[in-house]
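Throw the hints in and build the complete structure from the sequences for me.
2 protein chains.
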Amino acid sequence: MDTIKYQLTDNQIPTSWYNLAADLPELAPALHPGTGQPATVADLVAIMPKELAEQELSTEREIEIPPVVRQIYAQWRPSPLFRARRLEQALGTPARIYYKYEGGSPAGSHKPNTGIAQAFYNKEAGIRRLATETGAGQWGSSLSLAGAFFGLEVKVFMVKVSYHQKPYRRALMHTYGATCVASPSTETAAGRAILADDPDCPGSLGIATSEAIELAMNDPFTNYAGGSVLNHVALHQTVIGQEALRQLDMAEDYPDIVIGAAGGGSNLAGLAFPFLGEQLRGGHRVRVIAAEPEACPSLTKGRIAYDFGDTTGLTPLLKMHTLGHSFIPPAIHAGGLRYHGIAPLVSQALQDGLLEARAVAQTRCFDAGLTFARTEGIVPAPESTHAIRVAIDEALRLKEEGRSQAILFGLSGHGHFDLGAYERYLAGELADEGYDQERVERALADLPTPAGS
Amino acid sequence: MDTIKYQLTDNQIPTSWYNLAADLPELAPALHPGTGQPATVADLVAIMPKELAEQELSTEREIEIPPVVRQIYAQWRPSPLFRARRLEQALGTPARIYYKYEGGSPAGSHKPNTGIAQAFYNKEAGIRRLATETGAGQWGSSLSLAGAFFGLEVKVFMVKVSYHQKPYRRALMHTYGATCVASPSTETAAGRAILADDPDCPGSLGIATSEAIELAMNDPFTNYAGGSVLNHVALHQTVIGQEALRQLDMAEDYPDIVIGAAGGGSNLAGLAFPFLGEQLRGGHRVRVIAAEPEACPSLTKGRIAYDFGDTTGLTPLLKMHTLGHSFIPPAIHAGGLRYHGIAPLVSQALQDGLLEARAVAQTRCFDAGLTFARTEGIVPAPESTHAIRVAIDEALRLKEEGRSQAILFGLSGHGHFDLGAYERYLAGELADEGYDQERVERALADLPTPAGS
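Going line by line, the protein sequences match chains A and B.
Heads up: the first sequence at position 369 corresponds to 369 in full-length UniProt numbering, and the numbers run straight through without jumps.
Heads up: the second sequence at position 55 corresponds to 55 in full-length UniProt numbering, and the numbers run straight through without jumps.
One or more of the hints may lead you astray.
A pair counts as met if it fits within one copy or between any two copies, since identical chains are not told apart.
[Stated by the list, open to error] When the alpha-carbon atoms are kept at most 20 Å apart in a straight line, the in silico SDA-like pairs for lysine to any residue are as follows:
#, residue 1, residue 2
1, Lys301, Tyr435
2, Lys5, Gly104
3, Lys5, Gln71
Note that these hints are calculated values from the structure, not bench results.
Listed below in structure tokens is the structure:
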């Protein structure tokens with residue numbers, strides 16, 4: 001038997017996003033750093049349109065997807081779900097392995113699911129330019145695509161190490177008409193301050209976020225657009241899991257285990273939250289596993305605390321697992337996972353025992369990516385290889401135990417722009433960048449104290 | 001109105017390939033270069049399995065697709081057909097523009113349609129290794145993918161200039177487990193002879209083909225697998241046009257103009273032949289336009305003659321439009337179009353007035369590619385930009401004439417591995433490589449004389 005595709009029709013694209021906040025017992029609010037009070041729509045509209053600010057704070061279970069957004073989704077959605085028969089055979093596992101593939105979007109990952117939505121609301125609000133951060137470039141190129149579709153300028157601060165590691169992603173942003181600078185840059189006070197301290201700073205998602213937010217705060221026609229972490233971003237990604245639920249129905253199966261790579265958390269959230277919602281409303285139970293890099297292990301080694309989403313401290317304070325907003329992760333190739341914190345919704349789900357987390361090393365991830373490419377044909381993004389690694393490990397565990405369970409993982413994007421990293425891995429030149437406890441402890445000593453606490 | 005997708009279901013994947021040879025009034029046979037007699041299955045089995053040799057010479061209209069091949073097709077087929085509404089709006093044209101997108105295959109182009117089929121038949125025949133040429137690497141990576149699926153070794157001779165221009169395509173082949181060397185190489189007598197003459201030779205598809213065939217001739221467990229030109233390759237690609245016919249039915253439309261990029265010719269053939277078949281059997285008439293590079297214009301400037309398919313002269317003699325098998329095209333980025341000849345079936349269709357040809361310059365193609373990426377979101381391969389250029393030119397002509405017609409073009413692959421070329425184009429560093437009449441005339445003076453003629 002060969003790999004099987006489960007394909008929905010266009011009218012099965014979800015009509016609303018699913019908001020896990022409606023089903024969670026509790027979620028700690030974001031706090032205004034000055035007052036220590038819960039952030040309000042009025043606080044957020046300085047950098048985003050009202051609709052997104054409202055979504056950020058919403059506890060409604062379902063939020064309608066605007067028809068224009070849904071129509072653009074239909075260019076690549078519903079995305080396919082595959083049963084990885086060839087991978088199963090290669091592993092000799094009794095496990096049934098499914099993957100939901102988001103790499104068919106024009107930008108090559110799940111990120112346009114939120115990029116298109118954010119560009120839509122900003123365009124409606126009369127905004128002319130969007131500023132953002134990007135790690136590997138998956139998000140930056142997706143927002144650039146959305147900007148091209150909606151006639152919005154896009155300015156991307158790309159983490160410096162990725163800017164140099166992934167020249168093709170940068171070129172993709174240019175091709176879509178966006179501008180892209182290496183971060184830390186000299187274009188913002190945040191960037192200049194960091195460069196003054198360390199001219200060789202490799203950058204981080206936290207730093208690039210500071211630069212983008214600074215731009216948005218200083219220009220009424222520029223807004224900030226976030227690629228992950230925020231509630232409304234996780235919300236937009238839930239089209240993934242909602243589709244997967246229907247596709248597994250077609251397969252007459254239900255996952256015992258759901259696995260997603262977690263950097264800022266929106267990819268994992270998008271796939272897993274609809275399944276957790278089912279469970280919280282009395283449906284099937286699932287084990288959800290967040291796969292994160294050993295070099296940047298916020299979920300497995302971070303502290304639960306209020307912290308800034310960016311390095312300079314321009315965001316509201318978010319309650320989350322964090323390695324400290326001043327932590328700068330090692331230069332692993334999974335640039336999209338180099339983030340000090342995690343989406344508060346994912347953090348809360350971990351605290352509530354709704355999911356577990358596992359840290360995996362870079363070379364074992366590339367090894368899994370290679371196995372996957374040679375069996376299933378799709379070359380995965382380095383971020384996605386983290387989910388594949390955990391899926392393979394679980395499938396091998398089930399083989400040892402002689403048990404068949406269904407595993408679903410998120411294949412968030414293709415690795416076409418990361419083939420330089422594969423080539424280095426094949427040449428034996430790729431090392432594991434371990435966990436640096438001392439650096440994390442220094443960063444944790446920097447955690448902010450919310451006013452009034 | 002936004003861009004619209006027309007998506008078929010898996011059971012609408014064609015069950016047979018369509019063979020234009022059945023409907024053409026006449027097709028000049030390939031000749032054995034020694035005897036001058038029509039090549040037979042017995043001649044061809046030296047380098048390919050019997051089933052493919054039979055397909056090469058077949059005049060059956062329909063040839064069944066093996067179920068295993070069709071099941072693998074289903075991983076990315078049926079491929080989507082889009083109505084390019086955003087592009088139409090940007091051009092302000094009354095034309096209805098459709099494109100059939102083949103870039104969703106794991107290797108990123110239409111090439112796996114034949115790669116999977118060829119690997120299947122070779123595996124069945126007990127072959128252990130496939131040798132082939134590749135230009136830009138679309139074909140080499142597709143055969144590498146097929147080799148990984150069927151457990152066959154794959155050895156790719158990659159045209160030297162592309163080998164250096166497109167390092168990520170090379171990395172993709174390695175990721176699939178294939179070996180890839182720059183051609184001309186020192187590994188074959190053909191390569192060594194050419195290097196002795198010109199150590200800086202940039203290579204060509206003709207030279208790389210000679211090297212691959214030499215390997216196949218010298219080892220009973222190695223076969224040659226061709227990426228274009230051959231009848232059976234064009235045959236396998238006809239799934240594209242067959243699907244497009246059904247999708248245009250869904251759109252309640254029929255193309256007035258069908259456009260495909262033409263290098264070896266199989267991409268154009270795959271899209272256009274099923275439409276030409278309809279016409280030849282009394283159905284709708286279509287204008288078919290082959291878009292070729294100005295720098296390598298076999299259809300618009302070549303001579304109709306018997307010529308070798310490769311540079312050294314190892315293939316049967318093929319009756320086709322040719323610039324001469326010793327012609328080495330300039331180093332344009334559309335490496336897949338750098339071929340001295342054209343598929344005999346395409347050549348015959350041009351002679352029969354069934355299609356027309358147009359040569360386009362490199363920079364105007366990249367300009368069209370950029371317009372397409374910013375409106376439709378997909379970054380096209382340099383080869384595909386040739387079809388886009390002609391489609392846009394036709395749409396603008398219709399705008400001038402105030403007429404609405406339906407244009408269908410083939411978007412044969414994405415340009416994710418060609419972003420270096422886009423970056424160069426954006427920086428104004430890309431030049432047009434013109435037509436070099438003197439070089440062509442020198443090559444034409446080299447044309448072989450079939451024995452007995």
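For lysine 5 and glycine 104, with the copy left unspecified, which applies at a CA distance of at most 20 Å: within, between, both, or neither? Both, since 14 Å and 14 Å are each at most 20 Å.
What label fits lysine 301 with tyrosine 435 when the C-alpha limit is 20 Å: within, between, both, or neither? Classified as within; 9 Å inside a copy, 63 Å across copies.
Since the copies are identical, ignore which copy is meant and state whether lysine 5 and glutamine 71 lie within 20 Å (CA to CA) inside a copy, between copies, both or neither. between (23 Å within a copy, 10 Å between copies)
Checked against the numbered hints above, the structure violates none of them.
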